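Participant: Chain G: place on chain X using the hints.
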Amino acid sequence: MALLEDKDERFKNLFGKTAVFILFAALGIGLTFLWIEVKRGAFTAMSPIYFVADSGLDLNEGMPVKFSGFKIGKLKTMSLDERGHVQVGVSIESKYLDLIRQDAVVTLKKEGVIGDGVLEISKGAEEKPALVPGSTVGFQRASGLEQAVIDVKNRITPILDDISQLLHDPQGDVRQTLSNLREFSADLRKTIEKLDHVLGSVDQNLNQEVVPLMRSLRTTAANAETIAGRLDKQLPELLEKADSSMESMRVTSESIRDAVKQSAPQLPEIVGEANDALGKTSRLVDDTQSVVDSLSSSWPFKGSVPEPETGPVRMDSHD
Amino acid sequence: MTRLLLLLLPLLLASCSTTPPSRLPATVEQARTSDSDARRALTDGDPVRARKYFTKTLALQQSLDDTAGAATTMINLATVAHQLRDDEAALSWLDRILQEKANIYPDDARLTAAFRKAVILVDKPLAAEADTILKLAEQLCESKCESRFSISVLRARLLMLSGEMKAARSLAIEVSSQAAAGREEQANALRVAAAAEESMGLMTDALQHYGSALQLDKALGLSSRIGDDLSGLARVSAKLGHEREAGEYSRRAHLVKESRGRMSDVIQ
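The listed protein sequences derive, respectively, from chains X and G.
Going by the numbering used here, the letters in the first sequence line up with residues 1 to 319, in that order.
Going by the numbering used here, the letters in the second sequence line up with residues 1 to 268, in that order.
Bound-form chain X, shown alone:
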């Protein structure tokens, strides 16, 4: 060692200096880790709370537990018991236990429509005693988007079935109206035939005023028959279109349900975009209507547009 002894003053006590440097570095790293752990709550007093879930679906270890929107703990353990239920243990910061009552309920929710799952613990009834470590609380799942769509579908489908039944039932009121229309049309045809017969047999020397009157009557009846005939032709087509539209709606309703099951995370975005598009369409329609209104009240279109209704809105003795 003596051979390697350095005479330079700067290298004196080099070992000691290096040791102090390393010690300070290690201390700094240690303090950083300590600070991180303090921030992560490693030294915060936690209390275990338990609940039983019907299934472990959507529950994950480390999932945050929130109270009034603040994170107060996390899901620590999950295990399947002998009855097939899931025993879940969450740890909650002990200082918050006083705020939560023994009848509190843990609810599995989504943060936003497509956000991560989160456990929200309710406060419980004010008169109940505060929660103690090791207590067991209730658990429920919040209705998700899928459930909402299924609810809507369940409400719409019976309506569609009823309408379809109303349209298809031969004794139904819609079909009956159509039938009445046909009868009306047939009666008109008979009337025209009778008028033709009378017109043909009228004496040419008879009062000249009678013939124009009867001709006018025949024209009126023929016009009415044309309208009735058109309705007779168009109504069944309309009814068929209504039938097919309803079938399409039912198929769409089923498709929505399947789509939600398979790709629930994507659906809200699609719904959002669709809403956005609908909003834009609505504004466009309003704008177009304003333009049409302005044009219709301006020269030279004003003359060809019917006068707007100005009197009181209709209301009869039974409204």
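Check each hint, because a few of them may be wrong.
Computed list of lysine to aspartate or glutamate pairs in EDC-like fashion (alpha-carbon distance at most 16 Å, straight line) [claimed, not checked]:
{"#": "1", "chain 1": "G", "residue 1": "Lys257", "chain 2": "X", "residue 2": "Asp161"}
{"#": "2", "chain 1": "G", "residue 1": "Lys124", "chain 2": "X", "residue 2": "Asp319"}
{"#": "3", "chain 1": "G", "residue 1": "Lys257", "chain 2": "X", "residue 2": "Asp98"}
Going by beta-carbon spacing under 8 Å, a handful of chain X positions derived as facing chain G [unchecked claim]:
{"#": "4", "residue": "Val38"}
{"#": "5", "residue": "Leu57"}
{"#": "6", "residue": "Ile159"}
{"#": "7", "residue": "Asp162"}
{"#": "8", "residue": "Glu309"}
{"#": "9", "residue": "Gly311"}
{"#": "10", "residue": "Pro312"}
{"#": "11", "residue": "Met315"}
{"#": "12", "residue": "Asp316"}
{"#": "13", "residue": "Ser317"}
{"#": "14", "residue": "His318"}
{"#": "15", "residue": "Asp319"}
Cβ pair distances, simulated, as ranges [stated by the list, open to error]:
{"#": "16", "chain 1": "G", "residue 1": "Lys124", "chain 2": "X", "residue 2": "Val152", "range": "27 to 37 Å"}
{"#": "17", "chain 1": "G", "residue 1": "Arg96", "chain 2": "X", "residue 2": "Val105", "range": "46 to 56 Å"}
{"#": "18", "chain 1": "G", "residue 1": "Gln215", "chain 2": "X", "residue 2": "Ser55", "range": "56 to 66 Å"}
{"#": "19", "chain 1": "G", "residue 1": "Asp107", "chain 2": "X", "residue 2": "Arg314", "range": "37 to 47 Å"}
{"#": "20", "chain 1": "G", "residue 1": "Glu88", "chain 2": "X", "residue 2": "Thr44", "range": "53 to 63 Å"}
{"#": "21", "chain 1": "G", "residue 1": "Leu126", "chain 2": "X", "residue 2": "Val152", "range": "55 to 65 Å"}
These are computed hints drawn from the structure, not numbers from a lab.
Given the structure is predicted, the values throughout are model-derived calculations rather than measurements.
Beta carbons are placed, not taken as given, at the ideal position from N, Cα and C, and that holds for glycine.
Facilitator: Just chain G now, with coordinates in the frame of chain X:
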């Protein structure tokens, strides 16, 4: 030069004959547009939006001192409120016309307001108040106004409410035979006649009149009234011992009413 003038002459004449009218003041146009928007909303089945636009129309009309227009809009606001089942608001709008001491509103507006108030009161049912206000409507109408048949049908309903079935039936049958009453009021009259006959035990007549009302209501496509007609037919058929027909009418009435109710729920 002469040829050019001759060519221009038809154009000058054409332009003179189609002179564009002077534009209305902006507020009048705004009021008309708002009124049209409200009516369109009502046609689209959106009474809440209709109420918003009618309220705007009223403010504009009042700023223009257009009392006749304001009276019409107040009647429309009352009609919309009645549709929204807010009868207190509806009566309040109508009272603003009827209780105006300065007599600034036209008689036809007061007549319409009186008639509509009477309809709402009969529905509640407040027979005494309805009778007073209906008498005012009859007095303003003098059996000459357009709504005289509607007033008569309402009078028949009021008579029924007071237990005067025979008089109600007689008046309703009289209106139902008048083509000038229009098919809606004829159907209403037939329904009133049928209800009176049902109360009087004249079941065969009631069956016939409910059936006639049903045919008219079907032609008009008035689903709520079709439901009422079918319910009436079901009741009368059951009283006549026609159990099968009663069951069938009852089923149809239930279908019509339930579909209507569900549709309303979905729309709301």
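Participant: With reference to the structure, classify each hint as holding or not holding.
Facilitator: To see whether the hints hold, each was checked on the structure:
1. G/Lys257 with X/Asp161: Answer holds: G/Lys257 to X/Asp161 is near 14 Å, not above 16 Å.
2. G/Lys124 with X/Asp319: OK: G/Lys124 and X/Asp319 at ~12 Å, within 16 Å.
3. G/Lys257 with X/Asp98: Violated. G/Lys257 to X/Asp98 sits at ~54 Å, over the 16 Å cutoff.
4. Val38: violated (55 Å)
5. Leu57: Violated. Min distance 32 Å.
6. Ile159: At about 5 Å, which falls below the 8 Å cut-off, the nearest Cβ of chain G leaves the hint on X/Ile159 intact, so it holds.
7. Asp162: OK, holds: X/Asp162 within 8 Å of chain G, min 5 Å.
8. Glu309: holds (6 Å)
9. Gly311: Holds. Min distance 6 Å.
10. Pro312: Result: holds, 4 Å to nearest chain G Cβ.
11. Met315: holds (5 Å)
12. Asp316: Since chain G brings a Cβ to about 5 Å from X/Asp316, closer than 8 Å, the hint holds.
13. Ser317: Where the cut-off is 8 Å and the nearest Cβ of chain G is about 4 Å from X/Ser317, the hint holds.
14. His318: holds (5 Å)
15. Asp319: Holds - the Cβ of X/Asp319 comes within 8 Å of chain G, reaching about 6 Å at its closest.
16. G/Lys124 with X/Val152: 27 to 37 Å: Since the Cβ atoms of G/Lys124 and X/Val152 sit about 36 Å apart, the hinted range of 27 to 37 Å holds.
17. G/Arg96 with X/Val105: 46 to 56 Å: Hint holds: Cβ distance 52 Å, inside 46 to 56 Å.
18. G/Gln215 with X/Ser55: 56 to 66 Å: holds (58 Å)
19. G/Asp107 with X/Arg314: 37 to 47 Å: Given range 37 to 47 Å: violated, Cβ gap about 20 Å.
20. G/Glu88 with X/Thr44: 53 to 63 Å: holds (58 Å)
21. G/Leu126 with X/Val152: 55 to 65 Å: Check failed, 40 Å falls outside 55 to 65 Å.
Violated hints, in rising order: 3, 4, 5, 19 and 21; the structure is consistent with all others.
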